[in-house]
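J.: One-letter residues, chain by chain:
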Amino acid sequence: MKIATPDATKSRRSRSTEAVILFCIGVQTFAIAADAVQEIRSTDSLATAAIEMELAEVPKVRHLVERSHRTYYVVSGCAHFGLRVTRPTLVLILRQIRTAVLVDSIERMADVSRVHALPQAFQGTERQWYRGLAYLEDRVIPVIKPDGFLTPQEFARLDRAAKSIEPRHEFEGAVQA
Amino acid sequence: MSAAANHACKSWVLLHVGNRRFALPAESVIELAPPVRLHNFPHTSQLIAGVIVRRGRIVPVYDVAPILCGRESSVHRFYLIADRAFGVSSDASEASAIPVNGECELANGEMQPRDENAPLYIAGTLAIENENIDVLDLQKLVGVAGDNPGAADPAEPRP
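Protein sequences, first through last, are from chains B and Z.
The first sequence runs -15 to 161 under our numbering.
The second sequence runs 687 to 845 under our numbering.
Read the hints as simulated data drawn from the structure, not as lab findings.
Even for Gly, the Cβ is constructed at its ideal location relative to N, Cα and C.
If a hint is listed, it holds; no wrong ones were tucked in.
Over the 12 Å line for every Cβ pair with chain B, so calculated as not near, a few chain Z residues:
(1) 756
(2) 763
(3) 814
Examples of chain Z residues toward chain B, derived with CB under 8 Å:
(4) 731
(5) 734
(6) 739
So that you can see chain Z by itself, here it is in the shape it has in the complex (with noise of 0.2 Å):
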């Protein structure tokens, strides 16, 4: 689902990658993952890190971390699964995992339009706790890799 056509939604994910804080809408996202084994394979496919297999499914984790902090994270052990949608239609929506640090949090508030300078996968912000979170996108968020191949490793296989 993409929070940008989410502004109803009151329910958020407080997640943390790196050390900041983001929020995907509560619907969307699907479950906490605990440290399960990452497994790899040859692939060109910019941000993907590998697949964590949860409940039978096959689930591509991405790498955010760079595009969010500028750098790589070694404390994110958990994963947030949450759906990210292809295309326009409802169903053609896939698990997804984002690499955390397993603080993860519910919280309500109502989302504020983006600062027109935020990244275009920053879908607005949330005031909480005297904070202001940044609502991912995450449909964006794994199509910056796309948009601009400087954004993530060049597409060289990865083992």
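Okay, chain B solo, but in the shape it has when bound (with noise of 0.2 Å):
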């Protein structure tokens, strides 16, 4: 008979549950998976660093920032979402995805043992939205797909718009200087 040790059940325990950050937009409440978010920040941090930029194709993003020698677009959460529009107060800045979103608040941190398949009924963007749902505390909370908030022609005509943003801006810094 084998007797498990405590590291052996640790283990067992983290391959059965996912770490997830619980935000809201609004009334609703998200999670996203914890190891998808590189940082947190809060919006007037980020303020000085925040380059606006308006591209009547995606509306959802209106500024970029640069993070390590990355650009990040900014996407609204409400928006995206289509939710109501709020002051958002913080950023979720994506790993791996040159995604930065704003969100209004941050719940809390929580274990999913499980994210339910979106069911098929739903045949809309949310298929893009979405990774699943969790069911957590009785509640059903969307579980976002990190790579969902922008399609790769968004990020080409955004990259497109942000190479005419930077020599704009280093004409205005010399200028300025």
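Build the complex: two chains, separate frames, hints provided.
T.: Below you can see the structure in the form of structure tokens.
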């Protein structure tokens, strides 16, 4: 008979659950895998680093930020999910994806044991938005797909627009100097 | 299961939506669920009012009252859960809920062909207690919004 060591028990538990961050946009709670988020910053702390951009084809992005020599596009969570406009106070900077998301608040972290597949009845853009649904303490919470905020086509458009912004900023900086 | 392909079915669940009675093949019905919490989150799929959780499963709820009765109904507090087929494979089905008022009953009868002017989501009719009751084809009923976007709310995200 084998006796499970505490370490083995711990690793089994960590395999069977997934750490998520629960965050709110308006009254709606969403979950995102904790390891998909690189940083959480306040909007105030990023305000000076954010560069305004407006692209009619991607209206949910109005700013970009440079972090570690990478350009992150700041997506309005309200606009992305079609929710009533709020005043976001936090930015989730995603890992591996050049997207930052404006949210209202962080509720807490949680462990979910299972992410249910989104029912086939859902056939709209939510299939790109969500990995699935978590059932947590009598609530059904959509689990975000981190790469669902911007499509490759939107990234390409934003990259083109960002390139045209860079020389303008360099010029403005030179004039101020 | 498609009701249209089920002429041999003799057993039906009669349900109330709004002030009308409809029927579904009994073998497609899973259960009548009590008033449980309707969970909602942003989406753009038409007709879906949210989801409920039953026996560990997340079940989408279709708000079919506007199609069947032409208006929202506030008296629907129970959920009739039935299998909705996706595609032709018999295992590609999903439990789906319709809000009903709780007065459901089992009836036996032979389904008569549908009136040619009836909407496509009506598979046929049953003559029960001097009443002609329309038999619903759930697959076609919830597909109505996709075929005819005007049949439901426009695809604004629903919180």
